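Could you put the whole structure together from the sequences, leaning on the hints where they help?
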Amino acid sequence: MNNTEANDQPQHILIVEDDIPSRQLMLRRLRNSGWSVMEAADGPSALTIIGQQTPSAILLDMGLPGMNGLEVLQQIRKNHTSLTLPVIMVTAFDEKDYLVQALADGANDFVNKPVDFSILKARLKAHLDLSATSQRFINLQARQELILRGAHDGIWELDVQSQQLRHSQRWLDLLQCHNNLKNMSIAQWIDRIHPQDQQHVEQFIHDFIANPTSDTLSLDYRIRREDGHYLWIHTRGAADSNPQGQLTYIAGTHTDISKDRYQHRVTGLANIEYLSDYWLSIQSLIPEHSISLLAILLDHNASTPDNRNHYRAFMTELGQFIHNKTPSVVQLGTGKDPNQLLIFIDKSDSDNQLPAAIEELICTLVDEIIHKYKNILTINYHCGFLNSGERLADFEDSCAAVFAAAEHAHQHRKHIQIFDKEMQNTFNKRKTIIQKMSGAITHKHIQPWLQPIIMNGTTLVGFEALARWEDADLGRIHPVDFLPLAEESGQLSMLTKTILDQALHILSTLIKQGTIHEQIYVSVNFEAEQLVDPQFENLLESTIDHHDLHPRHLSIELIESNWLDVNSALRERLEKLRTQGYKLVLDDFGTGYSSLSMLNQLPFSTLKIDQSFVRRMLSEHSTCALVKSIIAIGKALNLSIIAEGVETLEEEQFLLQSGVNITQGFFRGRPMAMDVLLKWLEDHPQGSIKEQALHR
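Quick note on numbering: the sequence shown equals residues 14 to 709 in my numbering.
Keep in mind the hints are simulated off the structure, nothing from the lab.
Model, not experiment: these values are computed from the prediction.
Think of the CB as a built atom: it goes at the ideal place given N, C-alpha and C, for glycine as much as any other residue.
Errors might be hidden in some of the hints.
Pair ranges (Cβ atoms, derived) [claimed, not checked]:
1) 314 <-> 525: 35 to 41 Å
2) 456 <-> 555: 32 to 38 Å
3) 336 <-> 488: 53 to 59 Å
4) 126 <-> 198: 54 to 60 Å
Taking lysine-lysine and the DSS-like style, the derived pairs with C-alpha atoms no more than 30 Å apart in a straight line are [as the list claims (entries may be wrong)]:
5) 525 <-> 457
6) 349 <-> 195
7) 338 <-> 385
8) 510 <-> 349
9) 385 <-> 442
10) 272 <-> 457
11) 338 <-> 349
12) 272 <-> 195
13) 510 <-> 596
14) 449 <-> 434
15) 427 <-> 442
16) 385 <-> 427
17) 427 <-> 387
18) 457 <-> 349
19) 427 <-> 338
20) 195 <-> 457
21) 510 <-> 641
22) 442 <-> 387
23) 91 <-> 126
24) 510 <-> 589
25) 91 <-> 138
26) 387 <-> 338
27) 91 <-> 195
28) 457 <-> 387
29) 385 <-> 444
30) 510 <-> 449
31) 596 <-> 648
32) 525 <-> 589
As structure tokens, this is what we get:
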């Protein structure tokens with residue numbers, strides 16, 4: 014028989030017995046049973062052996078000379094528990110009075126003299142097995158704690174019946190809590206969760222416990238630290254149930270995911286969600302009306318991936334520089350757009366105006382970092398400022414106001430604009446537009462007006478659908494006023510869908526009535542983010558089918574963006590759309606950041622020359638040369654070319670002579686609502702253009 018632990022390490026038994034014949038007998042019998050055996054004749058010798066090589070178990074004689082068995086046991090238990098080192102007392106008949114004390118002092122078991130070896134071996138094996146199991150558990154727990162410490166996770170346990178949570182020290186460290194919060198009720202835990210997440214988490218936990226459909230859980234939410242600021246936490250766990258299927262115990266981990274959720278993917282700085290939560294947390298930490306906001310609106314030429322990496326480095330360095338060099342700056346980060354920097358300034362000790370020293374210092378710091386990157390990036394900036402006294406009702410409004418001030422500075426070529434009472438009306442109108450927009454989209458108050466697209470100055474080939482909004486209270490709202498707000502408020506996708514549906518409905522109606530040729534198409538603007546959406550193809554197919562049209566009836570115009578990524582997903586989607594028969598147009602060619610790169614990498618069939626070039630091409634030699642270059646590029650790539658913004662006969666003739674045979678602009682037709690469009694079509698049956706007049 015070979016007695017070893019589960020980890021295959023040999024088991025060493027220490028016999029502590031002063032009687033030599035008895036000791037030798039036990040030694041032989043145990044060795045014959047496969048154990049490795051050590052021996053000691055007295056207590057001090059036994060303690061020396063234990064100090065040098067801890068045995069797996071000890072057979073300890075009660076009646077040792079000098080230092081008796083009880084005293085030896087008490088010394089052993091100072092360093093070794095009954096689970097890690099079993100001690101079996103060997104007692105004579107007249108020593109039974111000491112047995113109760115021995116068990117109280119930590120003895121695991123006892124055998125009487127003369128020793129029955131079958132009983133001794135059975136008890137010894139049982140205690141060795143228990144000790145080995147305990148040691149495996151201790152080792153496993155130590156490894157788990159090491160893994161969790163390396164993963165920076167906190168451990169939690171929930172007793173479902175008592176509704177009490179217990180948390181590890183790592184969790185308390187994450188929340189900066191004291192040990193008295195190691196145990197808390199579910200209600201105390203929920204109370205720390207961000208107001209926007211509380212209801213969701215509370216309902217999730219209630220449903221998980223009341224109607225368990227799974228034995229695991231996973232959810233993300235924000236939770237308040239002791240200092241008032243928030244962390245993003247990913248909580249996962251597993252549950253035990255009783256025979257009736259009711260949950261009894263749940264345990265798992267909390268992981269700090271703030272870096273992923275609170276960091277802007279482009280700039281690497283704190284994102285707008287973090288700034289919003291920071292704003293919420295400082296209400297109780299910094300005196301009311303003491304935080305002012307400074308917005309920096311940046312304009313740059315970061316178009317290539319390398320330049321975008323440089324821009325990220327620039328923003329990171331700029332943020333650190335401003336934070337470190339300006340004591341009154343308590344927080345900063347990126348706005349909703351990567352070209353926005355938002356700075357929190359503590360004005361507790363200042364008057365209610367922007368201190369000139371702060372303005373001068375921050376602008377000096379910005380100029381210094383811009384100068385450092387001058388050989389890599391071209392960067393300009395404009396600032397907006399919101400006094401603490403002018404602070405609006407909530408962070409979203411305050412943030413929108415300060416960036417509106419920065420945009421105002423940009424439009425009026427000013428270095429900085431302070432948000433004041435005069436800007437309040439404009440801001441209120443912006444807010445009203447955003448609030449009304451959802452209803453306007455749903456009820457189709459925002460409609461497509463169609464502008465004719467003409468070939469060779471004589472033949473209608475298509476229309477461009479341009480969004481127009483007539484509001485009962487605000488009157489006509491210009492696209493310049495509501496389209497950026499649609500994107501800012503996250504409603505652009507919904508707006509695009511309704512414009513697409515309405516435009517195809519108009520086209521289908523005109524074709525079925527025989528008012529226009531069956532080959533006429535309508536052009537609708539999309540952003541790249543919309544094109545790569547997994548549901549985009551289904552949206553196009555269902556809308557086209559609903560109106561009994563063909564993909565050739567739709568021209569997809571891609572709007573350039575400062576941060577448009579020419580990636581494989583976009584390329585594959587465009588190639589598939591072109592194969593299906595859709596026309597693909599690169600809109601406003603020449604005004605974006607990566608037009609040439611996109612033409613080279615993406616399968617466009619048409620490029621559109623921006624109207625800003627068309628309007629200046631006959632008066633500016635450089636613009637004329639640029640237009641001719643664009644035409645040459647299009648011809649070289651075998652692309653169709655459309656020129657938009659054509660307002661005069663001279664412009665049209667110049668473009669036709671230069672090789673552009675498709676034009677769009679006020680000269681042939683403005684964007685028109687359905688009733689006006691029908692009148693225009695009556696004057697131009699089947700799209701035949703006979704007059705050379707300006708139609709207004």
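Okay, the hints, checked on the actual structure:
| no. | hint | in the structure |
| --- | --- | --- |
| 1 | 314 <-> 525: 35 to 41 Å | 48 Å, violated |
| 2 | 456 <-> 555: 32 to 38 Å | 21 Å, violated |
| 3 | 336 <-> 488: 53 to 59 Å | 45 Å, violated |
| 4 | 126 <-> 198: 54 to 60 Å | 56 Å, holds |
| 5 | 525 <-> 457 | 23 Å, holds |
| 6 | 349 <-> 195 | 38 Å, violated |
| 7 | 338 <-> 385 | 17 Å, holds |
| 8 | 510 <-> 349 | 23 Å, holds |
| 9 | 385 <-> 442 | 40 Å, violated |
| 10 | 272 <-> 457 | 41 Å, violated |
| 11 | 338 <-> 349 | 25 Å, holds |
| 12 | 272 <-> 195 | 25 Å, holds |
| 13 | 510 <-> 596 | 18 Å, holds |
| 14 | 449 <-> 434 | 23 Å, holds |
| 15 | 427 <-> 442 | 22 Å, holds |
| 16 | 385 <-> 427 | 23 Å, holds |
| 17 | 427 <-> 387 | 22 Å, holds |
| 18 | 457 <-> 349 | 28 Å, holds |
| 19 | 427 <-> 338 | 25 Å, holds |
| 20 | 195 <-> 457 | 55 Å, violated |
| 21 | 510 <-> 641 | 35 Å, violated |
| 22 | 442 <-> 387 | 38 Å, violated |
| 23 | 91 <-> 126 | 27 Å, holds |
| 24 | 510 <-> 589 | 20 Å, holds |
| 25 | 91 <-> 138 | 24 Å, holds |
| 26 | 387 <-> 338 | 21 Å, holds |
| 27 | 91 <-> 195 | 29 Å, holds |
| 28 | 457 <-> 387 | 48 Å, violated |
| 29 | 385 <-> 444 | 38 Å, violated |
| 30 | 510 <-> 449 | 17 Å, holds |
| 31 | 596 <-> 648 | 17 Å, holds |
| 32 | 525 <-> 589 | 28 Å, holds |
This entry does not satisfy hints 1, 2, 3, 6, 9, 10, 20, 21, 22, 28 and 29, going by the numbered hints stated previously.
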